[in-house]
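Modelling step: build the complete structure from the supplied sequences, incorporating the hints.
So the protein sequences, as listed, match chains A and B. Following the numbering used here, the numbering of the first sequence begins with 1 at its first residue and continues without gaps. Following the numbering used here, the numbering of the second sequence begins with 1001 at its first residue and continues without gaps.
Keep in mind that the hints are not guaranteed to be accurate.
To be verified - With beta-carbon atoms standing in for the labels, derived distance ranges:
| # | chain 1 | residue 1 | chain 2 | residue 2 | range |
| --- | --- | --- | --- | --- | --- |
| 1 | A | 164 | B | 1292 | 28 to 38 Å |
| 2 | B | 1240 | A | 23 | 38 to 48 Å |
| 3 | A | 245 | B | 1024 | 35 to 45 Å |
| 4 | A | 165 | B | 1198 | 57 to 67 Å |
| 5 | A | 296 | B | 1114 | 50 to 60 Å |
| 6 | A | 38 | B | 1166 | 50 to 60 Å |
| 7 | B | 1322 | A | 57 | 51 to 61 Å |
| 8 | A | 62 | B | 1325 | 41 to 51 Å |
| 9 | B | 1090 | A | 255 | 44 to 54 Å |
Stated by the list, open to error - In silico lysine-lysine, BS3-like type, Cα no more than 27 Å apart, as pairs:
| # | chain 1 | residue 1 | chain 2 | residue 2 |
| --- | --- | --- | --- | --- |
| 10 | A | 34 | A | 85 |
| 11 | A | 19 | A | 323 |
| 12 | A | 180 | B | 1180 |
| 13 | A | 64 | A | 85 |
| 14 | A | 85 | A | 323 |
| 15 | B | 1180 | A | 64 |
| 16 | B | 1034 | B | 1073 |
| 17 | B | 1034 | B | 1085 |
| 18 | A | 85 | A | 73 |
| 19 | A | 265 | B | 1265 |
| 20 | B | 1064 | A | 180 |
| 21 | B | 1085 | B | 1073 |
What the hints contain is simulated information worked out from the structure, not anything from laboratory work. These figures come from a predicted structure and were not determined experimentally. Glycine residues also receive a C-beta, built at the ideal position from the N, C-alpha and C atoms.
Protein chains: 2
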Amino acid sequence: MGGDHGPSVVASGVALALKLVAPDVRFLLHGDEKALGQEFARRGELAARVEIRPAERVVGMDEKPAQAMRRGKGSSMWNAVESVKTGEAAAAVSAGNTGALMAISKLVLRMSADLDRPPLVVGLPTPRGVTTFLDVGANVDCDAERLVEFAILGEAFHRASYGIARPTVGLLNVGSEEMKGHEEVRQAHAILREGRFDLDYRGFVEGDDLTGGAVNVIVTDGFTGNVALKAMEGAAHFMRSELRAAMTADWMANLGALLARRGLKAFRERISPPPAAPLLGLNGIVVKCHGGATDRDIAQSIQVAATLAQSDFAAEIERNMRKLPAALADSGPPSVDGAAE
Amino acid sequence: MGGDHGPSVVASGVALALKLVAPDVRFLLHGDEKALGQEFARRGELAARVEIRPAERVVGMDEKPAQAMRRGKGSSMWNAVESVKTGEAAAAVSAGNTGALMAISKLVLRMSADLDRPPLVVGLPTPRGVTTFLDVGANVDCDAERLVEFAILGEAFHRASYGIARPTVGLLNVGSEEMKGHEEVRQAHAILREGRFDLDYRGFVEGDDLTGGAVNVIVTDGFTGNVALKAMEGAAHFMRSELRAAMTADWMANLGALLARRGLKAFRERISPPPAAPLLGLNGIVVKCHGGATDRDIAQSIQVAATLAQSDFAAEIERNMRKLPAALADSGPPSVDGAAE
Chain A
1 MGGDHGPSVV ASGVALALKL VAPDVRFLLH GDEKALGQEF ARRGELAARV
51 EIRPAERVVG MDEKPAQAMR RGKGSSMWNA VESVKTGEAA AAVSAGNTGA
101 LMAISKLVLR MSADLDRPPL VVGLPTPRGV TTFLDVGANV DCDAERLVEF
151 AILGEAFHRA SYGIARPTVG LLNVGSEEMK GHEEVRQAHA ILREGRFDLD
201 YRGFVEGDDL TGGAVNVIVT DGFTGNVALK AMEGAAHFMR SELRAAMTAD
251 WMANLGALLA RRGLKAFRER ISPPPAAPLL GLNGIVVKCH GGATDRDIAQ
301 SIQVAATLAQ SDFAAEIERN MRKLPAALAD SGPPSVDGAA E
Chain B
1001 MGGDHGPSVV ASGVALALKL VAPDVRFLLH GDEKALGQEF ARRGELAARV
1051 EIRPAERVVG MDEKPAQAMR RGKGSSMWNA VESVKTGEAA AAVSAGNTGA
1101 LMAISKLVLR MSADLDRPPL VVGLPTPRGV TTFLDVGANV DCDAERLVEF
1151 AILGEAFHRA SYGIARPTVG LLNVGSEEMK GHEEVRQAHA ILREGRFDLD
1201 YRGFVEGDDL TGGAVNVIVT DGFTGNVALK AMEGAAHFMR SELRAAMTAD
1251 WMANLGALLA RRGLKAFRER ISPPPAAPLL GLNGIVVKCH GGATDRDIAQ
1301 SIQVAATLAQ SDFAAEIERN MRKLPAALAD SGPPSVDGAA E
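The structure is reproduced here in structure tokens:
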């Protein structure tokens, strides 16, 4: 029922997804029976692989997470997450209220890692593919342990999502040689570089590596990640409008823009981050699709969820997480110049 | 003597600057007598307003700051900063080694604010003008007091630089309503919104406001600022190369790019941050020009230095700084939901 465009775009997203995922993937659609029934009547191809699960209510896009948690039981969002807990579904996908989805998922599925909440993950375009970047806003204060957990979660997610056998992982830091990073970052670096985990840690990276493709996965705290992501989005927005102004400045530019429009369109698509974000660190797979989703975005989010569900993702995370207590115990206090190498 | 292109570009930058600054502005050029003498011989217009000050040595672009401090005395960089201390010069400009310039400036001029080092400042383009953004890397760990100091320094700098009588100031934070910012940010917010300082504080802003122009001055710690700046630079670089690829993809795009090239050039210039960065918080004016400076960049840096020297900038900062101890004493511990309003 979620998203800015309601159930219609979700239903046509599912219809698109039928062609993208394996033929044995089936769907439970949670929501208002009448609204979903109408969508069904319009799309005959859904009947064979989709089942409607009526829900009493819907979590509003503006509802506060606390409110959604208290009053959420029986809502379409709650039921979708609950179906993952009961094992009836292998993954849940929602384009609804992000804060509510996070709160309900935590409550119903519980965190597997020692985190307050699932880190927010985005995929950023690079010349060579996609950088998995986390946390972009959920955990504002992060100690070294959390940063290491993000590395474990992000690495497994990247492998499952992009089919890269051994993704490389970097820790976001500042460039100044004299005073690299604060203590949490230096300590996480010390733990990760010991090589106790089954992941390819490459050390510190900087802000321009986010879209530069130096490593596959980049880890930071939710404050820095949120600011960096929004700074990039703002810069991209600014550049697009400046470019538009430049390309309509005179008749030659106008004609030029017309001739180049196919290239410019490809450019616009290339720089748009992917619409789907997993909620990591839960005992179960939940994928958030952004609120303004089109049917293509919904279909892509379903594809991400199906890929994760069919992967070894959860077991890989668990194996690395089990090594965490020993790694933390051995790491000791960070050296002041731990970053000098 | 500094910069990647050596004294020649500095001398021609000064020649350009002669036309940009008031006719009574005069120059001391510190450096190798012979090299500078040759530049003089080539540019007759310099003789009337420029004086050469021979220096024994030059700080290398790769020298470590600690080394530059120990061995820097008598270098052209040291002498330029020293001339500000003695009052012989009203401001110093260098395109040399940033770390060395910072270390020597601190040692010779001393900090006026209670900071470890001058915050690094950049000007970011926005649709309406320029955002002054600090600290982009010098002070990695910042308490509330430092963030307030950045606000005072940045505000005075913005007024002096851009002739805006009352610049607006924002504090960089994350967007999530549930957990806005860490303690340092919430406390700095509590101090600034009390209105004790002579500045127009507008509250929290987010990463996309950096190039959005919501406020004139945006304050953050050196870790977040460095990551955000480099993330934007990386995004801009990525978008430029994607655009280049898109515009050369086929013959129509090629022709389009050709026709639009004037607009694209204007676009490129618009998104380049200004070349000059002041070292704020010192007892004296020092302006850093980026290392790869052209003569136009040098001239622009000189213009910034002259503008600051002719402004009330230093006195304005001092007046606000004097209010800081009382504001800190009164602020008390931050409320947990201090950011909720």
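Tested hints:
1. 164/A with 1292/B: 28 to 38 Å: Since the Cβ atoms of residue 164/A and residue 1292/B sit about 35 Å apart, the hinted range of 28 to 38 Å holds.
2. 1240/B with 23/A: 38 to 48 Å: This hint holds: roughly 43 Å between Cβ atoms.
3. 245/A with 1024/B: 35 to 45 Å: Since residue 245/A and residue 1024/B have Cβ atoms about 39 Å apart, the given range 35 to 45 Å holds.
4. 165/A with 1198/B: 57 to 67 Å: holds, 60 Å
5. 296/A with 1114/B: 50 to 60 Å: holds, 54 Å
6. 38/A with 1166/B: 50 to 60 Å: holds, 57 Å
7. 1322/B with 57/A: 51 to 61 Å: holds, 58 Å
8. 62/A with 1325/B: 41 to 51 Å: holds, 43 Å
9. 1090/B with 255/A: 44 to 54 Å: holds, 51 Å
10. 34/A with 85/A: holds, 26 Å
11. 19/A with 323/A: Roughly 39 Å between the alpha carbons, so the hint for residue 19/A and residue 323/A is violated.
12. 180/A with 1180/B: holds, 25 Å
13. 64/A with 85/A: Given that 27 Å is the threshold and the Cα spacing comes to 23 Å, the pair holds.
14. 85/A with 323/A: The hint holds at about 25 Å.
15. 1180/B with 64/A: holds, 15 Å
16. 1034/B with 1073/B: holds, 20 Å
17. 1034/B with 1085/B: holds, 26 Å
18. 85/A with 73/A: At roughly 14 Å apart (the allowed maximum being 27 Å), residue 73/A and residue 85/A satisfy the hint.
19. 265/A with 1265/B: holds, 20 Å
20. 1064/B with 180/A: Satisfied, since the Cα-Cα distance of roughly 15 Å is no more than 27 Å.
21. 1085/B with 1073/B: holds, 14 Å
Taken one by one, the earlier hints fail for this structure only at number 11.
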